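Chemist: The chain contents come next:
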Amino acid sequence: MTKIAVTVNNRQYQDDVEPRTLLVNYLRDHLNLTGTHIGCDTSQCGACVVLFNGMSVKSCTILAGQANGADITTIEGLAQGGQLHPLQEGFWEQHGLQCGFCTPGMILSACNLLQQNPNPTDAEVRHGLEGNLCRCTGYENIVRAVQYAAAKLRGAEPEPVEPADV
Amino acid sequence: MIPAGFDYVVPTSVAETVRLLQEYGDEAKIIAGGHSLLPTMKLRLAAPGVLIDIGTIADLRGITVTDRISIGALTTHHMIATSEALHTACPILPECAAVIGDIQVRNRGTLGGSLAHADPAADWPPVMLVLDAQISLIGPNGTRTLNAEDFFVDLLMTALEPEEVLTCVDLPTLGAGEGAAYVKLRHPASRYAVVGVAAYVRFAGGKVTVARIGITGAGVKAERQPTAEALLVGSDGGAEAIAATAAQSGSTMEVLGDIHAGEEYRRALINVYTRRALVQAVARAGG
Ligand SMILES: Cc1cc2nc3c(=O)[nH]c(=O)nc-3n(C[C@H](O)[C@H](O)[C@H](O)COP(=O)(O)OP(=O)(O)OC[C@H]3O[C@@H](n4cnc5c(N)ncnc54)[C@H](O)[C@@H]3O)c2cc1C
Ligand code: FES
Ligand code: FES
Chain A
1 MTKIAVTVNN
11 RQYQDDVEPR
21 TLLVNYLRDH
31 LNLTGTHIGC
41 DTSQCGACVV
51 LFNGMSVKSC
61 TILAGQANGA
71 DITTIEGLAQ
81 GGQLHPLQEG
91 FWEQHGLQCG
101 FCTPGMILSA
111 CNLLQQNPNP
121 TDAEVRHGLE
131 GNLCRCTGYE
141 NIVRAVQYAA
151 AKLRGAEPEP
161 VEPADV
Chain B
167 MIPAGFDYVV
177 PTSVAETVRL
187 LQEYGDEAKI
197 IAGGHSLLPT
207 MKLRLAAPGV
217 LIDIGTIADL
227 RGITVTDRIS
237 IGALTTHHMI
247 ATSEALHTAC
257 PILPECAAVI
267 GDIQVRNRGT
277 LGGSLAHADP
287 AADWPPVMLV
297 LDAQISLIGP
307 NGTRTLNAED
317 FFVDLLMTAL
327 EPEEVLTCVD
337 LPTLGAGEGA
347 AYVKLRHPAS
357 RYAVVGVAAY
367 VRFAGGKVTV
377 ARIGITGAGV
387 KAERQPTAEA
397 LLVGSDGGAE
407 AIAATAAQSG
417 STMEVLGDIH
427 AGEEYRRALI
437 NVYTRRALVQ
447 AVARAGG
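Sequence lines, in order, name chains A and B. Residue numbering for the first sequence follows the working numbering, starting at 1 and increasing by one per position. Residue numbering for the second sequence follows the working numbering, starting at 167 and increasing by one per position.
One or more of the hints may lead you astray.
Unchecked claim - Only pairs whose alpha carbons sit at most 30 Å apart, straight line, appear in this in silico DSS-like list of lysine-lysine:
hint : chain 1 : residue 1 : chain 2 : residue 2
1    : B       : Lys195    : B       : Lys208
2    : B       : Lys373    : A       : Lys3
3    : A       : Lys152    : B       : Lys208
Unchecked claim - From the derived model, a few chain A residues whose C-beta atoms are all more than 12 Å from chain B:
hint : residue
4    : Thr61
5    : Asn68
6    : Phe101
7    : Gly105
8    : Pro118
9    : Asp122
10   : Glu157
Simulated from the structure, these hints should not be mistaken for lab results. Quick caveat: nothing in here was measured; it's all calculated off a predicted structure. Just so you know, even glycine gets a beta-carbon here, dropped at the ideal spot from N, CA and C.
One chain only, chain A, in its complex shape (with noise of 0.2 Å):
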């Protein structure tokens, strides 16, 4: 067993797993944090995208105790008091997610990608987000959702909903 000691979504975790867990399977059966999802589980699909000291990575290919003494992020620690977090917000207002399942890595990757570059252009969002697959919306609504929530941390008003042109 290893010894570890992770801070995941501000509380402080301290646990003994085996050495071939996984980060991902850590948060989810040890810790019952099932919003980070498994898709592929050869690191192609960001499904199981997490902040890890603040960079998004995928949990898949972590194992826990390489997450030793570091502070995660998951889509459980995104919504502060009872409130959306501006991304989670952009995805509703935009309809960027149909049945759901890679909505907390997109959501992820994006926090990443803003926190790097608060005002990308499209195709920004984009390259940000190739790490992460979705069999449903066909992108663009998530392109939006993501540029909803840069214009809200930029203290800007984001822009107005309206049917995708496509």
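Please arrange chain B with the ligands on chain A, whose structure you already have, making use of the hints.
Modeler: Here is chain B with the ligands on its own, set in the frame of chain A:
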């Protein structure tokens, strides 16, 4: 998918890592970012008995730029892609880092891990070849430094001995009259190079005095192209000379075909991407 069981140790120094490698021998594997190793362990293509996690050894992480460049083995692709100092000192390095995988891969994957793994389609090896990188290894008998050319041996095989740790890579800064570029055709799903070409040129008195071309994604390992390079040296680096050089690129190399690209198509890609890399390298050199 979950890897087979293993013991997990976390050394705090390179010296301790070498001791652990000696102690556990064949059973042990170093893990850095884990973005090549964990996927192979999940597929049970590898099942090391002991994983030695070097991820917390701070000495191995970081970029130093003086008259040369030193990059620690644990430096992530993302750190290289976003380094202002490297954008000035040697722009091909951030350019290459930025086209590796996706942002999540770049946030975890390391330069040292990529070089030690030596994937035949990895992006760093051809860049290391054309910059004439010096790769430092520490083992039970001390430190040794190898040219990139001597480091890459065969498919997934390097000159690293089982008890050695790759610690850092030393590279030149590019000055006036020098230019380098890396271009690749990305596989749309994995983003590895279907073919990737790195080029470096140096000019003096309006003539090319040094030309280096490195190719990845096409053979068992990244390779220089001496026959093609020789055609550019002594020329003015103009469109005609570049076209002649690009046409020879890959000609002396064994090129493999697979379900993504047959040999003939890969050879055509090598010619096209060599030309593109050379055009950019020459423009950057001011030629
Ligand atoms: C989805 C995905 C897409 C990718 N796309 C690309 C791409 O487009 N281009 C590309 O080039 N790469 C790509 N990669 C690979 C990525 O760059 C890896 O990060 C890199 O190849 C390995 O680095 P690592 O730190 O993760 O090494 P690890 O996986 O930790 O280790 C790899 C190997 O190197 C050994 N090793 C690691 N560090 C050292 C050291 N300091 N000394 C001695 N041995 C060491 C390990 O024992 C292991 O055998 C991709 C990976 C994934 C998962
Ligand atoms: S489950 Fe991790 S990338 Fe798909
Ligand atoms: S909403 Fe279904 S996968 Fe994206």
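Chemist: Compare the structure with each hint and give your call.
Modeler: Hint by hint, here is what the structure shows:
1. Between the alpha carbons of Lys195/B and Lys208/B the distance comes to roughly 15 Å, so the proposed pair stays at or under 30 Å and holds.
2. The straight-line distance between the Cα atoms of Lys373/B and Lys3/A is roughly 61 Å, outside the 30 Å bound, and the hint therefore fails.
3. Distance restraint check for Lys152/A and Lys208/B: the Cα-Cα separation of roughly 40 Å exceeds the 30 Å cut-off, and the hinted pair is therefore not satisfied.
4. Thr61/A, annotated as away from the interface, has a beta carbon of chain B within 12 Å; the closest lies near 5 Å.
5. Not every CB of chain B lies more than 12 Å from the CB of Asn68/A, the least distance being 8 Å, so the non-interface label is violated.
6. No beta-carbon of chain B comes within 12 Å of the beta-carbon of Phe101/A; the shortest separation is about 17 Å.
7. Non-interface status of Gly105/A relative to chain B is broken: a Cβ of that chain comes within 12 Å, the nearest being about 9 Å off.
8. For Pro118/A, the non-interface assignment is confirmed: its Cβ lies about 15 Å from the closest Cβ of chain B, beyond the 12 Å cut-off.
9. No Cβ of chain B approaches the Cβ of Asp122/A within 12 Å, the least distance being about 17 Å, so the stated non-interface status holds.
10. With 12 Å as the threshold on Cβ separation, the claim that Glu157/A sits away from chain B holds: the shortest Cβ distance comes to roughly 28 Å.
The earlier numbered hints that this structure contradicts are 2, 3, 4, 5 and 7.
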